[in-house]
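**Q** Protein chains in written order, with the working numbering: chain E, 29 to 356; chain D, 29 to 356; chain H, 29 to 356; chain F, 29 to 356; chain X, 29 to 356; chain U, 29 to 356.
No lab work stands behind these hints, which were simulated from the structure alone. Please note: incorrect hints may appear among the correct ones.
In this list, chains with the same sequence are indistinguishable; a pair is considered to hold if it fits within one copy or across any two.
Calculated pairs, DSS-like style, for lysine-lysine (alpha carbon to alpha carbon, straight line, at most 25 angstroms) [to be verified]:
hint : residue 1 : residue 2
1    : Lys44     : Lys144
2    : Lys266    : Lys144
3    : Lys127    : Lys166
4    : Lys338    : Lys266
5    : Lys338    : Lys144
Take a look at the letters that make up each chain.
Number of protein chains: 6
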Amino acid sequence: MSPGEAVDEVFLVREKDLRTTRKGDLYVLCTLCDRTGHITARMWQATESIYNGIPVGGFVHVRGRTEDYRGTLQMVIDGCRPYPAEKVDLADFMPTTDKDIEQMWAELLEFLRPVKNRPLRLLLRKFVQDRDLVAAVKRAPAAMEMHHPFIGGLVEHTLNVARLAERLLPLYPHLNADLVRAGVFLHDIGKAAEMTTGTTISYTDRGELVGHITIGVILLQEKADAVAEEIGRPFPPKTLMLLQHIILSHHGAYEYGSPKLPAIPEAFFIHYLDNLDAKMWMTRNAIEEAPEPGSNFTTYLRQLDTRIYKHSDRLGEEDDEEPTGRLF
Amino acid sequence: MSPGEAVDEVFLVREKDLRTTRKGDLYVLCTLCDRTGHITARMWQATESIYNGIPVGGFVHVRGRTEDYRGTLQMVIDGCRPYPAEKVDLADFMPTTDKDIEQMWAELLEFLRPVKNRPLRLLLRKFVQDRDLVAAVKRAPAAMEMHHPFIGGLVEHTLNVARLAERLLPLYPHLNADLVRAGVFLHDIGKAAEMTTGTTISYTDRGELVGHITIGVILLQEKADAVAEEIGRPFPPKTLMLLQHIILSHHGAYEYGSPKLPAIPEAFFIHYLDNLDAKMWMTRNAIEEAPEPGSNFTTYLRQLDTRIYKHSDRLGEEDDEEPTGRLF
Amino acid sequence: MSPGEAVDEVFLVREKDLRTTRKGDLYVLCTLCDRTGHITARMWQATESIYNGIPVGGFVHVRGRTEDYRGTLQMVIDGCRPYPAEKVDLADFMPTTDKDIEQMWAELLEFLRPVKNRPLRLLLRKFVQDRDLVAAVKRAPAAMEMHHPFIGGLVEHTLNVARLAERLLPLYPHLNADLVRAGVFLHDIGKAAEMTTGTTISYTDRGELVGHITIGVILLQEKADAVAEEIGRPFPPKTLMLLQHIILSHHGAYEYGSPKLPAIPEAFFIHYLDNLDAKMWMTRNAIEEAPEPGSNFTTYLRQLDTRIYKHSDRLGEEDDEEPTGRLF
Amino acid sequence: MSPGEAVDEVFLVREKDLRTTRKGDLYVLCTLCDRTGHITARMWQATESIYNGIPVGGFVHVRGRTEDYRGTLQMVIDGCRPYPAEKVDLADFMPTTDKDIEQMWAELLEFLRPVKNRPLRLLLRKFVQDRDLVAAVKRAPAAMEMHHPFIGGLVEHTLNVARLAERLLPLYPHLNADLVRAGVFLHDIGKAAEMTTGTTISYTDRGELVGHITIGVILLQEKADAVAEEIGRPFPPKTLMLLQHIILSHHGAYEYGSPKLPAIPEAFFIHYLDNLDAKMWMTRNAIEEAPEPGSNFTTYLRQLDTRIYKHSDRLGEEDDEEPTGRLF
Amino acid sequence: MSPGEAVDEVFLVREKDLRTTRKGDLYVLCTLCDRTGHITARMWQATESIYNGIPVGGFVHVRGRTEDYRGTLQMVIDGCRPYPAEKVDLADFMPTTDKDIEQMWAELLEFLRPVKNRPLRLLLRKFVQDRDLVAAVKRAPAAMEMHHPFIGGLVEHTLNVARLAERLLPLYPHLNADLVRAGVFLHDIGKAAEMTTGTTISYTDRGELVGHITIGVILLQEKADAVAEEIGRPFPPKTLMLLQHIILSHHGAYEYGSPKLPAIPEAFFIHYLDNLDAKMWMTRNAIEEAPEPGSNFTTYLRQLDTRIYKHSDRLGEEDDEEPTGRLF
Amino acid sequence: MSPGEAVDEVFLVREKDLRTTRKGDLYVLCTLCDRTGHITARMWQATESIYNGIPVGGFVHVRGRTEDYRGTLQMVIDGCRPYPAEKVDLADFMPTTDKDIEQMWAELLEFLRPVKNRPLRLLLRKFVQDRDLVAAVKRAPAAMEMHHPFIGGLVEHTLNVARLAERLLPLYPHLNADLVRAGVFLHDIGKAAEMTTGTTISYTDRGELVGHITIGVILLQEKADAVAEEIGRPFPPKTLMLLQHIILSHHGAYEYGSPKLPAIPEAFFIHYLDNLDAKMWMTRNAIEEAPEPGSNFTTYLRQLDTRIYKHSDRLGEEDDEEPTGRLF
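Make the full structure from the sequences, and use the hints.
**A** Put into structure tokens, the structure is as follows:
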């Protein structure tokens with residue numbers, strides 16, 4: 029949207045406020061959302077009954093127009109009425125991956141197929157056959173804000189790491205490929221219970237107090253116990269221990285919430301690929317989200333401790349290419 | 029070598045010392061090297077003239093035997109005489125890559141071939157056509173101790189990073205591939221002047237006081253100036269700036285000697301791949317170098333702040349595999 | 029033991045080495061242990077068959093004498109012969125608490141008795157009725173070296189924290205006492221599987237790669253699952269979450285291996301009491317272990333980043349007391 | 029107060045501002061305080077003479093009403109006139125402990141009574157008999173914002189630490205109880221001169237430039253000198269040194285302003301109890317101050333580096349209790 | 029300027045914004061600058077054509093008046109019209125040193141005169157004879173905000189460090205004075221290309237991605253190459269290396285962007301003098317810029333991690349002096 | 029001393045040990061000191077009565093010779109007998125400044141002479157007239173090991189800082205010169221009681237537990253109290269506060285034991301000059317103490333986190349000087 033456009037759409041209401049102008053007139057100030065983001069909106073000449081009729085956490089059909097307010101886009105509401113939640117698809121009001129989740133999931137399962145170790149195969153089956161868990165995984169974001177913060181983000185990020193691993197495993201043949209494949213699949217799986225995606229992405233109490241690393245370890249234990257029951261003997265403890273270690277250490281440093289530092293080659297491998305994909309998203313997103321004109325840099329990004337230069341994609345006016353024949 | 033073996037070989041002498049036993053007898057204590065490492069050796073019943081005849085930094089033909097001393101292998105010399113330096117190949121006394129350096133170099137040049145940008149191609153040609161520099165690069169280790177600390181190590185490590193990049197570039201199409209290829213090639217090139225590999229790997233004065241990051245930037249400037257002279261106009265400043273930035277930021281953190289943090293996607297990409305390959309070498313080497321029996325862990329490694337578990341390569345007695353058909 | 033004493037005792041052999049003097053005579057150098065500590069011992073005029081007869085990890089009956097070697101006590105062995113492991117009590121050769129473990133355990137159970145919440149009571153019962161676990165807990169040390177590093181140390185330390193909590197709970201009535209009691213009992217319980225106490229205290233592979241914090245959380249999950257099965261409905265998730273949080277956060281800082289920082293009053297309470305008891309042990313032990321004469325300070329203690337002053341227990345010659353009547 | 033209430037009260041004026049609306053009308057914006065906190069207030073249709081009549085740092089009698097402004101309570105003033113400072117009790121306009129200061133002080137003195145060491149008793153007497161100092165101590169807060177930031181806060185906090193120590197001393201009989209009692213009493217005493225409590229709590233210049241730790245040490249020296257004069261010989265230097273050390277080290281870490289780390293058991297003991305009581309206040313206060321509904325967590329607290337979960341006091345719907353008979 | 033003054037002046041326009049009041053009237057909000065700073069200004073009853081006529085980055089002649097808005101000075105514009113850039117001196121709209129730049133430059137050259145080493149003299153000549161570089165140096169600030177952030181600031185700061193060095197060199201005769209003189213002159217020279225001073229001070233892309241330390245090293249290399257060409261042999265490599273080291277290490281710590289720590293006495297010397305002069309400016313400026321009345325302290329300064337006490341210049345009412353004759 | 033020299037001198041005995049060779053012969057191992065340092069010495073064919081006759085902490089007259097032992101100089105004692113302590117000057121056996129202490133002290137007093145402020149002059153007089161304190165100051169080292177670690181080191185270092193200040197004060201006329209002069213004199217004065225210099229430099233108990241910063245503040249208070257008594261009114265509190273602040277903050281960072289960070293310009297000034305002089309000593313000493321040949325660098329110095337390059341004093345073979353006429 030740009031300033032001066034007419035609006036005639038359904039939005040999710042995140043916040044509302046009834047205000048008085050200095051002249052004593054009432055107006056409503058509220059925050060409206062759809063899957064592309066959120067906007068501040070004002071409705072002048074409001075009444076208390078209009079105000080009361082706006083459902084926070086619910087939906088409204090709005091008519092109005094956009095305008096520029098101190099460089100930020102805002103909306104002026106001419107009229108609005110509640111809209112039944114049954115008639116909307118919640119996903120339309122939440123940021124969502126632009127890829128096909130089912131297709132990504134299928135590719136992720138393909139990545140697991142080469143796993144040879146039998147107990148590991150049984151374990152992975154337990155995860156994949158847990159419908160509730162899989163549904164939650166498919167819905168989960170990869171983070172609140174840092175990277176892939178949208179529905180389907182967890183699957184998208186995990187698949188990216190899987191693709192990286194698939195391509196690099198042949199270069200490090202001493203790595204235990206079974207362990208890497210299972211580790212990639214499981215490293216962030218606790219995120220399915222760390223965040224909720226109702227009408228906003230937010231941490232669950234358990235996410236805040238326990239965290240996805242420990243939740244992942246508990247899920248892993250649960251599935252290993254189920255395998256043990258199936259095969260009538262304990263799940264191989266060493267295998268379990270190594271998978272636990274990969275989950276615990278994948279943040280790579282204590283200050284990022286890993287209670288153990290990587291201590292097997294496979295844990296280092298996953299840690300770096302995980303980090304690489306996150307940073308690729310963060311830098312690309314920072315550049316795309318940065319306002320078009322003006323500075324050659326994005327704003328300062330706390331998580332990267334720097335601003336990002338926006339134009340490394342082209343080498344400038346000198347971008348004359350030559351046929352890539354023999355170089356030397 | 030194991031304790032109790034007979035020795036009849038040529039060694040490089042690193043240190044020597046003339047000592048007196050409590051009974052007044054003289055003996056020689058010295059450190060001998062070949063490309064596999066170094067060993068402490070003693071020669072009992074020595075004389076001053078024997079001692080004087082042992083050339084530090086030179087070579088000796090030694091006869092004797094090995095023995096265990098407090099858990100460490102040592103050597104007892106029965107006889108030794110100087111050996112002419114002309115008759116040895118210095119490389120036989122220095123740790124050296126077990127790969128073919130020329131072949132690796134050729135593959136590295138292949139990695140550069142797809143570069144399209146003309147000034148970048150000219151720049152890379154300047155590097156590759158500088159015979160002295162190329163000779164130094166081929167000889168250089170990748171580090172004193174941390175990773176690939178042997179002759180040819182720089183080429184081996186750089187090629188590894190190139191292979192990683194080659195495989196991952198298709199997954200991040202928004203990256204500037206020309207910049208990545210040139211950046212990978214150049215990121216550590218200053219190491220060719222940071223260390224010397226005479227009869228030992230050691231920092232040059234310049235390596236210690238200036239460091240390979242800045243040396244690399246200076247080399248880059250020199251070659252860009254040469255291109256400018258060739259084309260009769262300045263080397264494109266933006267291209268130069270981005271390559272400088274990649275070299276400067278590739279350690280990824282101030283405390284590791286990078287004066288700038290990565291601020292373009294390509295710099296992050298190279299930083300993580302560089303780091304990944306270094307860690308893969310470090311963990312693998314730590315496991316291989318660890319004494320066979322006893323603990324399941326290596327000793328504590330300061331650079332990784334942990335001990336490495338040695339047996340993640342196999343999942344234990346439960347390693348029964350099944351045919352990797354359809355998993356789910 | 030002091031220098032010059034005769035020795036006629038059974039010891040555990042930790043290490044042995046066969047050495048040659050410069051004159052070519054063989055001697056044995058070995059490390060011997062009993063529950064009070066370990067000592068370096070030499071046996072001159074040894075033979076290879078004597079050496080082979082000394083069982084590492086087994087026991088020997090030694091005759092000899094002690095002597096001072098560079099300020100350290102050492103032993104000279106005059107004669108030694110293997111001693112059957114069946115005839116010794118392993119605990120006699122391992123450092124062990126000087127308190128009665130069963131009595132401490134009983135007091136610890138008393139501490140749990142006031143817990144009112146029914147699911148919590150059921151949970152605690154599951155722990156206490158797990159014979160193998162309880163046996164391991166009673167045997168476990170509280171740490172490798174830092175504090176209470178001896179058999180029974182975990183129970184001794186946990187009981188100390190319980191006593192602190194028992195006395196302070198009345199002062200902070202807003203704390204959830206049930207949660208505190210259960211949390212104190214459980215905070216370090218994973219240590220029962222983190223270390224082994226065979227003939228030495230050492231980390232298990234799982235201890236090193238997974239750690240007692242995560243092991244504790246898994247044990248907790250296992251027992252909560254068992255309660256769920258017993259009561260036919262899920263264990264109350266909020267209760268479980270808060271106990272998990274207490275275990276996870278009890279080290280109080282990321283760099284000490286806590287993946288979550290304390291975020292409920294009860295977690296802070298347990299963190300400080302745990303820390304207080306550890307420091308009380310460390311300072312007291314440092315003072316007791318410090319060599320009697322010479323400096324008024326212990327050696328530098330890395331874990332406290334200081335030396336400890338040994339004589340704060342008395343206020344010096346001026347220690348004249350007066351009857352403690354009304355002060356002001 | 030909640031929105032829509034009528035107001036007819038005396039307030040302390042902290043700030044005032046004369047503003048013009050876009051229509052050119054004048055209005056006054058000011059901050060009013062009482063002991064429960066402060067509020068922003070506006071007076072529309074003001075004149076310059078009204079504005080000039082409002083005394084910053086003085087008192088006004090206000091009539092008006094409260095309203096909600098962007099989720100924050102504000103006040104609209106209908107009329108106000110200056111109120112004579114003589115007619116108010118300053119303490120009514122400053123946050124003050126809800127406990128009886130004299131009673132707390134008396135209990136604190138009881139805590140000191142068991143001190144046996146004569147010079148220490150004389151020293152404590154000097155403190156307690158210094159009327160000006162005692163008056164300042166009773167008035168002082170324990171901190172600007174962190175914990176117990178109100179009149180009487182220093183006594184309340186010190187007494188809390190004393191109660192903790194009283195209960196825990198029997199558990200660590202190797203501690204020097206005299207030193208602990210005196211140390212608890214003195215550890216924060218410099219705060220009496222670090223902050224002022226006129227019509228607001230603020231640092232004195234000396235508090236900012238010298239700090240309560242050093243001020244405390246100087247006060248201690250002054251009183252020890254007075255004892256020396258009384259007894260005709262120097263105050264026992266070791267006793268003085270140990271008390272100085274306790275004051276200096278009680279923050280437990282350099283970065284919190286302790287120039288020395290704890291190096292006697294008594295200093296550790298006081299450091300942990302001090303910290304525990306501060307954290308108990310901070311967590312409890314954070315929960316009580318957090319707006320009732322909405323999130324289960326408080327806002328992020330910088331000093332604890334986390335948000336606090338507000339509902340650990342109850343274990344949820346499952347809170348069924350059972351009689352606390354024999355548990356196992 | 030103070031509130032209530034009439035304005036009739038030319039300003040640089042930094043930002044502008046067209047806004048609507050709630051009544052639908054348009055007004056302009058903009059930021060105006062001259063060399064003393066910047067101010068927010070409003071023009072009520074504006075039209076779109078008035079708004080369009082205001083040139084951002086250009087100049088306007090403004091009539092209006094100042095007023096106080098929430099304690100900040102603002103401006104109300106009554107009328108304004110564009111002003112031709114040709115008629116203004118850009119320097120009048122940028123903060124500029126209050127010293128004579130040419131005179132400072134001359135003194136700086138005097139500081140270099142005692143240099144004896146011939147190659148060093150030739151090198152310095154190359155710098156001084158590079159007209160473009162010298163022009164840029166004279167214009168450059170010493171920093172964006174931290175210290176001497178104005179036109180001429182680089183020369184002013186460098187001269188200050190030179191004066192410090194000139195006075196202290198006699199006290200440390202073991203220092204290599206030639207190296208110190210050249211090092212002082214060169215340490216910050218890269219700042220001439222790190223920032224631009226068009227109508228505002230801002231980082232260049234190269235400044236942000238490469239930084240003044242590396243730019244300085246490259247400039248040094250360029251001039252050393254020029255000397256080499258002149259003398260027909262390489263510039264003495266040791267001299268070059270030491271100068272590079274001084275530039276690289278002059279920030280004194282990795283976290284401040286130095287890729288090498290000082291490792292020669294001369295580098296320490298320059299690091300401390302550089303730092304001293306920066307801090308002298310920062311503290312003095314903080315005191316001068318602090319609003320006159322109220323607190324005895326400036327606001328918190330992040331770069332110094334403290335507030336600065338404003339009145340250490342006088343010792344208070346007790347400032348009675350006595351003739352400074354013999355003191356003891 | 030170099031290997032092979034004859035020895036016939038008096039030494040201080042720091043340690044002794046009676047050892048047995050494998051053949052059963054006794055020998056004495058001891059550490060002997062004079063003001064130039066310490067050496068390890070052995071006496072073969074010793075008896076117990078010889079051993080008993082050697083006084084630790086006392087003096088012996090030794091005859092013998094030096095020899096090289098693993099690259100370290102050692103001594104072989106042929107004969108030795110006790111030497112009466114009365115006949116030696118203790119200072120001959122402790123490292124001592126090579127400057128004249130009285131002359132340095134006199135110059136330091138000259139530095140104080142320009143102080144104008146009367147109370148400050150009175151205060152300084154109290155210090156200078158305290159004979160015991162002055163005697164201790166003159167004897168004190170500036171540190172245990174870091175810089176100027178010898179008798180007279182405190183005066184030497186303080187005078188150096190005074191000379192720096194004397195020369196730089198004219199460049200920063202806004203500094204309060206009286207405060208700087210007094211602050212320089214006092215900043216380290218607590219070191220006179222922090223260390224003892226009996227037959228070795230070591231921390232006093234008070235030095236270890238309280239530290240020179242706090243001791244200095246207490247000394248200052250004592251002298252200010254004395255002035256107050258003399259003038260019949262309190263010592264000006266602002267002056268006292270600023271001096272306290274300078275002492276407290278002169279280490280410049282919490283982690284170096286300063287409980288307050290510099291917050292007045294004068295405190296920054298003293299902090300940097302103090303640091304500069306310490307580093308000048310450390311680098312110079314490191315270079316002088318480094319073994320002559322071999323590496324161009326000293327060993328790694330923990331306190332500087334680097335090795336020091338030894339040859340920055342000369343610019344190498346290219347050291348051709350030219351007459352320093354007009355440079356440009």
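**Q** Hint by hint, which ones does the structure fall short of?
**A** 1
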